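*Asks:* Each chain, letter by letter, is given below.
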Amino acid sequence: MSAGGIIPRKTFQDAAHETLSNAQMRRNLQHATTTIRDKRLRAVSELPDWEELRTQGAAVKDHALAHLGDYLLDLEAAVQRAGGQVHWARDAAEAREIIGSIAEGHGVREVIKVKSITTDEIELNGGLSERGIHAIETDLAELIVQLAEDRPSHILVPAIHRNRAEIRDLFRRKLGADLLTDEPKQLADAARLYLREKFLSTKVAVSGANFAIAESGTVCVVESEGNGRMCVTMPEVLISVMGIEKVLPTWQDVAVFLQLLPRSSTAERMNPYNSFWSGVREGDGPQEFHLVLLDNGRTDVLADEVGRQTLRCIRCSACLNVCPVYERAGGHAYGSVYPGPIGAILTPQLLHLEDKNANTLPWASSLCGACYDACPVKINIPEVLLYLRGKITEEKPLNAEAIAFRTAAWVMSEPHRFEGAIKLARTGQGPLVKQGAIHTLPGMLGGWTDTRDLPPLAAQSFREWWRKRPAPPTRETDGDAQLSEGELLGPQRTDDRGPV
Amino acid sequence: MQIDLFITCLNDAMFPRTGEATVKLLERLGHTVRFNAAQTCCGQMHFNSGYQEDALKLVRHFVETFRDAEAIVAPSGSCVGMVRDLYPRAAEWAGDEALLEEVNALTPRVFELSEFLVKELGVEDVGAYYPHRVTYHQTCHAMRILRVGDAPLRLLKNVRGLRLVELPDVDQCCGFGGTFSVKNAETSTAMLADKVQSVLSTRAEACTAGDNSCLMHIGGGLSRLQAGTRTVHLAEILASTEQEVFA
Numbered sequence: 001m002s003a004g005g006i007i008p009r010k011t012f013q014d015a016a017h018e019t020l021s022n023a024q025m026r027r028n029l030q031h032a033t034t035t036i037r038d039k040r041l042r043a044v045s046e047l048p049d050w051e052e053l054r055t056q057g058a059a060v061k062d063h064a065l066a067h068l069g070d071y072l073l074d075l076e077a078a079v080q081r082a083g084g085q086v087h088w089a090r091d092a093a094e095a096r097e098i099i100g101s102i103a104e105g106h107g108v109r110e111v112i113k114v115k116s117i118t119t120d121e122i123e124l125n126g127g128l129s130e131r132g133i134h135a136i137e138t139d140l141a142e143l144i145v146q147l148a149e150d151r152p153s154h155i156l157v158p159a160i161h162r163n164r165a166e167i168r169d170l171f172r173r174k175l176g177a178d179l180l181t182d183e184p185k186q187l188a189d190a191a192r193l194y195l196r197e198k199f200l201s202t203k204v205a206v207s208g209a210n211f212a213i214a215e216s217g218t219v220c221v222v223e224s225e226g227n228g229r230m231c232v233t234m235p236e237v238l239i240s241v242m243g244i245e246k247v248l249p250t251w252q253d254v255a256v257f258l259q260l261l262p263r264s265s266t267a268e269r270m271n272p273y274n275s276f277w278s279g280v281r282e283g284d285g286p287q288e289f290h291l292v293l294l295d296n297g298r299t300d301v302l303a304d305e306v307g308r309q310t311l312r313c314i315r316c317s318a319c320l321n322v323c324p325v326y327e328r329a330g331g332h333a334y335g336s337v338y339p340g341p342i343g344a345i346l347t348p349q350l351l352h353l354e355d356k357n358a359n360t361l362p363w364a365s366s367l368c369g370a371c372y373d374a375c376p377v378k379i380n381i382p383e384v385l386l387y388l389r390g391k392i393t394e395e396k397p398l399n400a401e402a403i404a405f406r407t408a409a410w411v412m413s414e415p416h417r418f419e420g421a422i423k424l425a426r427t428g429q430g431p432l433v434k435q436g437a438i439h440t441l442p443g444m445l446g447g448w449t450d451t452r453d454l455p456p457l458a459a460q461s462f463r464e465w466w467r468k469r470p471a472p473p474t475r476e477t478d479g480d481a482q483l484s485e486g487e488l489l490g491p492q493r494t495d496d497r498g499p500v
Numbered sequence: 001m002q003i004d005l006f007i008t009c010l011n012d013a014m015f016p017r018t019g020e021a022t023v024k025l026l027e028r029l030g031h032t033v034r035f036n037a038a039q040t041c042c043g044q045m046h047f048n049s050g051y052q053e054d055a056l057k058l059v060r061h062f063v064e065t066f067r068d069a070e071a072i073v074a075p076s077g078s079c080v081g082m083v084r085d086l087y088p089r090a091a092e093w094a095g096d097e098a099l100l101e102e103v104n105a106l107t108p109r110v111f112e113l114s115e116f117l118v119k120e121l122g123v124e125d126v127g128a129y130y131p132h133r134v135t136y137h138q139t140c141h142a143m144r145i146l147r148v149g150d151a152p153l154r155l156l157k158n159v160r161g162l163r164l165v166e167l168p169d170v171d172q173c174c175g176f177g178g179t180f181s182v183k184n185a186e187t188s189t190a191m192l193a194d195k196v197q198s199v200l201s202t203r204a205e206a207c208t209a210g211d212n213s214c215l216m217h218i219g220g221g222l223s224r225l226q227a228g229t230r231t232v233h234l235a236e237i238l239a240s241t242e243q244e245v246f247a
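Top to bottom, those sequences are chains A and B. Mapping of the first sequence onto the numbering used here: position 219 corresponds to residue 219, and the numbering continues sequentially without gaps. Mapping of the second sequence onto the numbering used here: position 100 corresponds to residue 100, and the numbering continues sequentially without gaps.
Treat the hints as calculated values from the structure; they're not laboratory data. What you are looking at is a predicted structure, and each value in this text was computed from that prediction instead of being measured. Using N, Cα and C, we set each Cβ at its ideal position, and we do this for glycine too. Fair warning: there could be bad hints in the mix.
With a straight-line cut-off of 27 Å between C-alpha atoms, the simulated DSSO-like cross-links for lysine-lysine are [unchecked claim]:
| id | chain 1 | residue 1 | chain 2 | residue 2 |
| --- | --- | --- | --- | --- |
| 1 | A | K378 | A | K396 |
| 2 | B | K119 | A | K396 |
| 3 | A | K39 | A | K198 |
| 4 | B | K183 | A | K434 |
| 5 | B | K183 | B | K24 |
| 6 | A | K391 | B | K57 |
| 7 | A | K39 | A | K10 |
| 8 | A | K10 | B | K183 |
| 9 | B | K24 | A | K396 |
| 10 | B | K157 | B | K57 |
| 11 | B | K24 | A | K423 |
| 12 | A | K378 | A | K391 |
| 13 | B | K57 | A | K423 |
| 14 | A | K396 | A | K10 |
| 15 | A | K391 | B | K24 |
Derived coverage of chain B by chain A (criterion: at least 3 residues anywhere in the stretch with Cβ under 8 Å from a Cβ of chain A; other residues may be distant) [to be verified]:
| id | segment |
| --- | --- |
| 16 | 122 to 135 |
| 17 | 196 to 204 |
| 18 | 225 to 239 |
A short list of chain A residues far from chain B (calculated; beta carbon distances all over 10 Å) [claimed, not checked]:
| id | residue |
| --- | --- |
| 19 | V325 |
| 20 | I392 |
| 21 | S413 |
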């Protein structure tokens, strides 16, 4: 099954090891992310007001989040007016229970699904399966992941880590497809044949939501394949589940995101399919509509002044595609349905910073800042990463690392201690230096020298050089101003406040 | 102009030649360089590793040390990035209003070397001579936090004898990331491997950058491969002249 939830089973380091040692997967990832990255840049550069749009997107989201309670109540009332039913789910288990019992109430053995990461967050497929109901993914990539009994590796491109030959073999095996080649058209045709039959015969569909509009009680899903549209129009019953942060006040607000989202995610000017539905309409589309509003840790994130910007996320995955860490370690390394930079800040927060494995995620970044630049709603991911590192470290018991850092801070808050430490280390490094470089370091620092050399400490530090250097020759500064007497005396007297 | 040098702890202990070159270069351009020996470390290592309380000690120390400086220049985009971008965060998160005020008064006077030369002093030709094939690595903090733009390239293009070759995927991180390189050594190494390949593909004699931390990482990879290509800080290239080859 493709559902995965958000609780990582391993630390990032351990999980990353698996992808890093899989050369094929690394090549697949690198190829895919590089392609999407380049396409996104082109799509974004077409809009002269991209930066203004980003600012507006962030502002709209911030406003909606600041009044989240009000807009959710508006949404609930509007959905009910339109003939839909609204359910509130505190956590994943409650959401599974609500959706499961609705489906069960209709006596179905199968439901069809629109690609939805929120349903993966709540592990819906597993929950339904416990009731004897099989959830069928209709998004091509999700279907691939589901058939392979794998986990999605990417928000937008769940099967990003798989190549065509692997998919051909999978379809042959699982769908009994008669595939001669791994041509994309042939692969898509095989999936289409299988899915059409499901669209026509299944009574209940489950979707997520990209946005929900409070003023009219409208839910929106954008997609590329049209399978989602089949799901939200053909079955008799439609159940949509959304994180509470997806609500937008008005239709005008949606207009901003319909520009930001497709360009950031698929690098398209507009998604091929944009579906909007409000409640039910007799004789047209599903005759029963349920909207499940999911908290699952979100109100706690909202309560945190620095962390709350995380909830602006519109799941475009631009941050994944530009992240050098994601590109190498892959989505599975993050152990949650939310991978990449956004996952590194969202997952631990949704788990209240209490999950040991999830708490390794904020360190899964070199802080290069590419994610912040790419984010269409300007989530300052590096800032949140650092903030969370601080919070998590604060709660940890004092360990060897903490003692080392504390000592270093003590040493460095006084120049003479710092200089003394340099001298001490210079003597201490002696046995480690071979042919002008350090090739092996003990303990945790060995992580460096496993693959990299390290230059030794210099024989003479900069401050030692400065003290010994002769005073610089007298000269004029910019313009005509002469140096003051104190400055003429050079570094020795006026400047060197440290001990000699 | 009177310039206060912030040499950074890494340069002080491991790469003093970069500091020496920075002094030589600024003095050659007619400025007075001060080295306040009370300085130590900007605290980035602590702050980025989650030890924010310990980092605060170093933030306060930095602010005290440089309070009266006219211009503070460092040959490191990373450490200047820490001061300009993260000192305000450090003060805010600690709820220290007085410190925040001091930090905000200080940060507009803190510059990375290449941006200081090009944007503040308006100098693009520093009279340097460096007869080598060189490729330039744009470090993340210089590029994305400080937005130094093409300042380093403008300076390099005016270096006599230097043949500048473009580094493929120049906007990609080298994978250093401070303690990231140790805590997530495998991922860091995978990033480094691609960077080293890019550097080698240029067939440059030297790879330069404005940060010795990134260069230490790239250089560490090149050294392990015994690749022959060396790393050299931008300041050392800019300090070299026909009369005196610095680097």
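*Asks:* Now look at each hint and say whether the structure bears it out.
*Replies:* Verification of the supplied hints:
1. A:K378 - A:K396: At roughly 30 Å apart (the allowed maximum being 27 Å), A:K396 and A:K378 break the hint.
2. B:K119 - A:K396: violated, 44 Å
3. A:K39 - A:K198: Cα-Cα ~33 Å, so violated.
4. B:K183 - A:K434: Distance of about 25 Å is within 27 Å: holds.
5. B:K183 - B:K24: Not satisfied, since the Cα-Cα distance of roughly 37 Å exceeds 27 Å.
6. A:K391 - B:K57: holds, 18 Å
7. A:K39 - A:K10: With a Cα-Cα distance of about 33 Å, the restraint between A:K39 and A:K10 is violated, given a limit of 27 Å.
8. A:K10 - B:K183: holds, 15 Å
9. B:K24 - A:K396: With a Cα-Cα distance of about 46 Å, the restraint between B:K24 and A:K396 is violated, given a limit of 27 Å.
10. B:K157 - B:K57: At roughly 40 Å apart (the allowed maximum being 27 Å), B:K57 and B:K157 break the hint.
11. B:K24 - A:K423: holds, 25 Å
12. A:K378 - A:K391: Holds, at about 22 Å.
13. B:K57 - A:K423: holds, 22 Å
14. A:K396 - A:K10: holds, 18 Å
15. A:K391 - B:K24: violated, 43 Å
16. 122 to 135: As far as the segment 122 to 135 of chain B goes, the hint is violated, because 0 residues have Cβ atoms under 8 Å from chain A.
17. 196 to 204: Three-residue rule not met by the segment 196 to 204 of chain B, so violated; n is 0.
18. 225 to 239: n = 0 at 8 Å, threshold three: violated.
19. V325: With a cut-off of 10 Å, A:V325 comes too close to chain B, as the shortest Cβ separation is near 6 Å.
20. I392: Label violated. Min Cβ-Cβ 6 Å, cutoff 10 Å.
21. S413: Label violated. Min Cβ-Cβ 5 Å, cutoff 10 Å.
Taken one by one, the earlier hints fail for this structure at numbers 1, 2, 3, 5, 7, 9, 10, 15, 16, 17, 18, 19, 20, 21, listed in ascending order.
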